[in-house]
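Undergrad: Everything in the sequence shown is counted per the numbering used here, starting at 15 for the first residue and increasing by one.
Just so you know, these hints were derived from the structure itself, not from any lab. This list has only true hints and no planted wrong ones.
Calculated cross-link-like contacts (lysine-lysine; reagent style DSSO-like; alpha-carbon spacing at most 30 Å): (1) Lys449 - Lys125; (2) Lys128 - Lys186; (3) Lys295 - Lys323; (4) Lys132 - Lys122; (5) Lys388 - Lys214; (6) Lys559 - Lys518; (7) Lys115 - Lys253; (8) Lys286 - Lys323; (9) Lys97 - Lys559; (10) Lys165 - Lys206; (11) Lys124 - Lys449; (12) Lys115 - Lys182; (13) Lys125 - Lys115; (14) Lys253 - Lys165; (15) Lys360 - Lys286; (16) Lys449 - Lys123; (17) Lys128 - Lys197; (18) Lys129 - Lys449; (19) Lys323 - Lys259; (20) Lys182 - Lys165; (21) Lys129 - Lys186; (22) Lys122 - Lys182; (23) Lys186 - Lys117; (24) Lys30 - Lys115; (25) Lys453 - Lys464; (26) Lys197 - Lys117; (27) Lys125 - Lys214; (28) Lys231 - Lys332; (29) Lys332 - Lys360; (30) Lys253 - Lys329.
Per label pair, the in silico range of CB-to-CB distance: (31) Asn201 - Glu328: 35 to 41 Å; (32) His317 - Phe343: 17 to 23 Å; (33) Thr479 - Glu547: 54 to 60 Å; (34) Asp303 - Ser164: 32 to 38 Å; (35) Asp303 - Lys356: 28 to 34 Å; (36) Gly119 - His317: 48 to 54 Å; (37) Asp238 - Phe343: 25 to 31 Å; (38) Thr352 - Ile39: 42 to 48 Å; (39) Glu547 - Asp303: 30 to 36 Å; (40) Lys123 - Ser330: 57 to 63 Å.
Note that CB positions come from ideal geometry on N, CA and C, so glycine has one too.
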Amino acid sequence: MTLDHDLREEECVMGKTYVQRENFIIPRCTDACPAGVDVPRYIRAVRDGNFDEALAVLREKLPFPTVCADACFAPCEDVCAYKQFGDPIAVRAIKRAAVDKGKDGWKKKKKVAKKTGKKVAIVGSGPAGLTAAYYLVTKGHEVTLFDAFSKPGGMLRYGIPEYRLPEKRLDKDIKSVLQWGVKFQGNTTIGKDITMEQLKRDYDALFLAGGANGSMKIPLSGADKRGVLWGWDFLRDVKLGKAPKLRGTVIVVGGGNVAIDVALTSKRLGAKTVYLFCLEKREEMPAHDWEIARAEEEGVFIHNAWAPKKVLGEKSVKGLSLIRCTSVFDSACNFNPTYDEKITHKIEGSTIILAVGQAADLSYLKQEGAIRSKGTRIVVNEQDLATGERGVFAGGDAVTGPRSVIDAIAHGRKAASSIDRYLGGDGDIREVLAKPEKKVLLPDFIMDIKPRNPMPLLSPAERSTGFDHVELGLSNNQIKAEANRCLNCDARRFEVVLNTEYCKECGYCAEVCQLNTFGPAEFFNAKGYRPQEVKSCNWCVGCFKCYFACPDFAIDVREVTG
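Turn these sequences into a full structure, and let the hints steer you where they fit.
TA: Written as structure tokens, this is what we have:
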């Protein structure tokens, strides 16, 4: 095991090393972000107290940094290399610090192209539609957003509860999109208030980004009884001020994040007891672990591996009968539940909310022969999001099915680039809003494992009494401490060498490494073993677990930062 710095003298200072930008790699966190946010860069800015710069770095890829700070599911944290040492970096919490403390200096560096004379209509003002609008207007095109709702935001406004994404914080981001000249026309339903034919006639290009804007319905005996509600429709009505009066026991069916939101919203609306039943086992639930944990903290009772059989009661809901779900997926990993109808359960309740998924309403495309759909999804060319009709593009949940906010933002960026090229532009939507980072000064590598700084939250008792923002944000000391945990994976490099002739195929190295450094070789060594080999050490962070796990002394690791 060696730590060897092969660097020119002028690139070193006592105990620290300068790394030039051209020697950086794309780290796991940035690679996992659908929008390609430069995560280590803005974390370094936060660490140094340069919050304006951190926000500018975020803005280079995200028109909605506040939304992502509050409501992103943080795929960057799922792959964070710090997992080799302990809990991942609290990336989203650091992002929250950047957006809360950063100012609007980035606007001075934003460049808007001259008017092209081209007009683009965008159907849907959710994250995909708003993102596309932001970049298209930046490229000089005239953009109009059409939406059935009176205010822009789509699922951000009408699908995410206030306690997760306060409306004032959402409006801050939306304002920063509209201020560049994007027009918004609300209360306009395509196919009713305006036709697709009109849009195609009046605009040079169309982007269909209506989202998965309705609840997926399942066949369930008694689902037409009074007291049966549907998940997304329920959340939408709450945000529209049409919340139903809840009392007694509420039964939620579903295992995803929307079901969790429905359960927690029900608690806030007065439900005395909330039960959540889902097909999946605990470890199979689509909802994120931290969301499940928060729901249980607030008193939601979660029951796994149950399927709804029949709504009980004559005209109104009296309860729900369920049967045991023995498996959710078949051997090919397709959704194909199986049941044991001999194992049953009954639960009394006055309200049942079925939150089993969302689907797009594509009825406005019935007469559009060239624009194909499959089920409730629009079919597009994945490379440019073009539909079968020239000049018409589609993206977001209307194409992918229900995904995350950051996935929709990524689709909006791709659509903007494709539409700009279609209209005669270069398709380059990249922006430079922060001061370029030419080099980074790294301290010498020390294996100092630090605990994660958890996001401060309202107490469970405080949460269930209203819709106040649950996440309170890190303190100044926590922000500094958490940003200092970042390993600077983009700049610090390690080399891993494995002597394949020594390897006896135990695979311990691959077992202890979560960073895809090792994999089986395509050959056998002289001893007859198929050894492991180093596939890539780009993402190695120097934990040395492989070094200590190898019983054959076949692995060496050294730092080669520079």
